[in-house]
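Protein chains: 2
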Amino acid sequence: MPDIETRKVIIIGSGPAAHTAAIYAGRAELSPLLFEGFMAGGVAAGGQLTTTTEIENFPGFPEPIGGPDLMVKMREQSIRYGTEVKTETVTSVSLSSRPFTVTSDSGDFKTGALIIATGATAKRLGMKGEQEYWQKGISACAVCDGALPVFRNKPLVVIGGGDTACEEASYLSKFGSTVTLLVRRNVLRASQSMQNRVQSNGKIHILWETEALEALGEQFLTGVRVIDKKSNKEKTIEASGLFYAIGHTPNTEFLAGQLKTDPDGYLITQPNSTKTEIPGVFACGDVRDKVFRQAVTAAGTGCMAALEAERFLASLE
Amino acid sequence: MPDIETRKVIIIGSGPAAHTAAIYAGRAELSPLLFEGFMAGGVAAGGQLTTTTEIENFPGFPEPIGGPDLMVKMREQSIRYGTEVKTETVTSVSLSSRPFTVTSDSGDFKTGALIIATGATAKRLGMKGEQEYWQKGISACAVCDGALPVFRNKPLVVIGGGDTACEEASYLSKFGSTVTLLVRRNVLRASQSMQNRVQSNGKIHILWETEALEALGEQFLTGVRVIDKKSNKEKTIEASGLFYAIGHTPNTEFLAGQLKTDPDGYLITQPNSTKTEIPGVFACGDVRDKVFRQAVTAAGTGCMAALEAERFLASLE
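Chains A and B supply the protein sequences, listed in that same order.
For the first sequence, position 233 (counting from the first letter as 1) is numbered 233 according to the working numbering, and the numbering increases by one without interruption.
For the second sequence, position 161 (counting from the first letter as 1) is numbered 1161 according to the working numbering, and the numbering increases by one without interruption.
FYI, nobody ran anything at the bench for these hints, they're computed from the structure.
Please read all numbers here as calculations on a predicted model, not as lab measurements.
All C-beta atoms in this analysis are idealised placements derived from N, C-alpha and C, irrespective of residue type, glycine included.
It is possible that part of the hints are untrue.
Said to hold, decoys possible - Straight-line alpha carbon distances no greater than 16 Å define the calculated EDC-like cross-link-like pairs of lysine to aspartate or glutamate that follow: (1) Lys73/A with Glu1063/B; (2) Lys1203/B with Glu317/A; (3) Lys136/A with Glu214/A; (4) Lys1174/B with Glu317/A.
Said to hold, decoys possible - Pairwise CB distance ranges (calculated): (5) Asp262/A with Glu1209/B: 47 to 55 Å; (6) Gly1247/B with Ser315/A: 18 to 26 Å; (7) Glu1234/B with Ser96/A: 53 to 61 Å.
Build the full structure now, drawing on both the sequences and the hints.
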C-alpha cells in the first residue's frame, strides 16, 4: 500500500467561507487542498451564491455582481495564492486521530488541520414549478434578495410559520406592495413578539392552514397556486416574489456524527472562533451559522478558520 | 431650540466594518447616517486600509487592489444604497437613554440605534524615519503584508516581546531570509509555548534589550538603526521590512467609559454577536477584535451589526 501524502490543511467547501479560508491559508504557505465537490449539497461548486442572481451587498462591489461571477473571482484568487482545487465530493472523514483522514471519490488524503465549510442547503417543497422559477422569483433569502428592484412595490409571498418567516415577512413589507404569509398550521411557531409584529403590520396578510401547490409564471414568477386545507379550495395568489422560510439543512452528513451539532444540525464552534471540540478541526460559514447566513459573514469566518488553523499547526512545531 | 431630527441608525467609522454595516442598513431602508470622521484616529477616512499598499487577501479580488481603492468602492456602495456620509469626527455620545445622542463638530444628532466601527490604531514609536517609511517597508500587520513579494527572501525585523510579536516573527520566517526580533527587555512577555517556537526557529534571531532608533532607507526601507541598552552601542541592521507588534489602541475615547471594555480597551460584545451591554448599541470591526483584525473579518461583523440593528429596531415597532 503506497504512503498517503499528508497535507497541512484540507478545506471542504466551495463558497465564500471555503475560498476565503483558502486565500488566507495559501498566503500563509500552507499549500491548502480544497475539495469543492461535484454537485455537493445539490448545488454547483461555488455554493449557494451560484443559485442567486445579482449580489448588491458584498462589500467592494458598488455595481451589482452575479453570484457565479463573484465565486469565479474567489476561486481564481485561491488558486493564485497556492490552493489546489479538486472537483470531487468528500464522502467521509475520520477525525479520531491526527493526521485526520479525508476520503473522496478518488481515495484517501491525510491532513494536519481540517476546515469544514460545506454550507447549508435551503429546504425546498418539491412543488410543481419550483425548479423552473427558483431565482426567477423564488428565493430562500429575503435579506439577500428582498431589496432587488424586481420585488419593489410588487405582491410578495412568504412560506413558513416560524421566527424566520415572520422576520422575513416583516422585512419584505418594506419593499413589496403586500406580503402574504402562507402558514401550514392554524398557529405561528414564532415568538409572541414576532407574532405581534407581523399581525400589527398592515401590509402583511396571513393565510392560515394554507399550502402552496404550484409556482406559476412565464419568464418570471407571477403567482402561486395554493390550497386552503380548511375548505379544500384552491386559488391563485398574484406574486412577483416567493420567499421560502422553511429552514436550511446544514451539510454535515459526511461527518457521520463525529462533531457536535445543535438541535438543528449546525456545527458548534467556540464563541468568536471557528474551533470545534476537536483540536485541529475548524468550521466556518453557513454550516455553523443559522443567524446571519450572508456571503460576507461566511467569508469573515473563513478567514478566521485559516488563521486559527495556521496558529494550531504552528503550535505543534 | 429647534427639534433634532432622529435617525434610525447612525454608524461611526469609515473602514470595512462601517461601510458593510452601511450597505446592509441602507438596503434595509434604514437611511443610515455615517460619520466617517476627519482624520479620526489619526488616519484618513477609510480606516487602516488607507495606510496599506496592495491588498491580496480581500475575497473577490484576484488581482491585488490598493487599500484606498477598495475603500472608495465600499464608500460608493454605501452611498448607492442610501447612506448619508458626513466627513466629521464624532466627539461624544450619550447612551444613557434612547434615542441616543451623537455629537459631532456640527452639532447633535439623535438615533434609535448606534453602530460603533471606529477601529483601532496601531501604536507607533515616534522614531525618526517612521513616518517616511510607513507602508514603504514598515507595517503594523504581518498577516496582512508579510506575504507581499517585496518581503520575500529579504531580511525582516519585528519589534515587540509579546505573543503577537512572537507569532508574527514566526509567521514572517516563512517569507523572509532572516527575522530579527527586537526585544526591549531581557525576557519575552509571550507564553512559554510561543517563546519555545521562536527560540527553536533557526531563521529568527532575538536581540535582547535593544531598541529601534531610526528607520533608514531611500525610496523604501533598507535598514533600522538600533541601540543595545546593555552596552549603549548603536548599530544598523539591514531590513527590507520592519513590523511593529507593540499593540493597537482601540478608538473609544469619544465613548468616555459608557461601554465596557476588556483590559486592553477593546469593546466587549456578546459571543457571535455585535451586541454591547446597552440594547441598541452595536460594535463591529477592530474596535472589538484584537485577535483577527482583517478587513474581511471586520466586514463580516459590520454586516452582523446592521442585521442586529435592523432586528432591534423592528422589535420596537
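- Message: When the structure is checked against the list of hints, which entries are broken? Sort them ascending.
- Response: Violated hints: none at all, because every hint is consistent with the structure.
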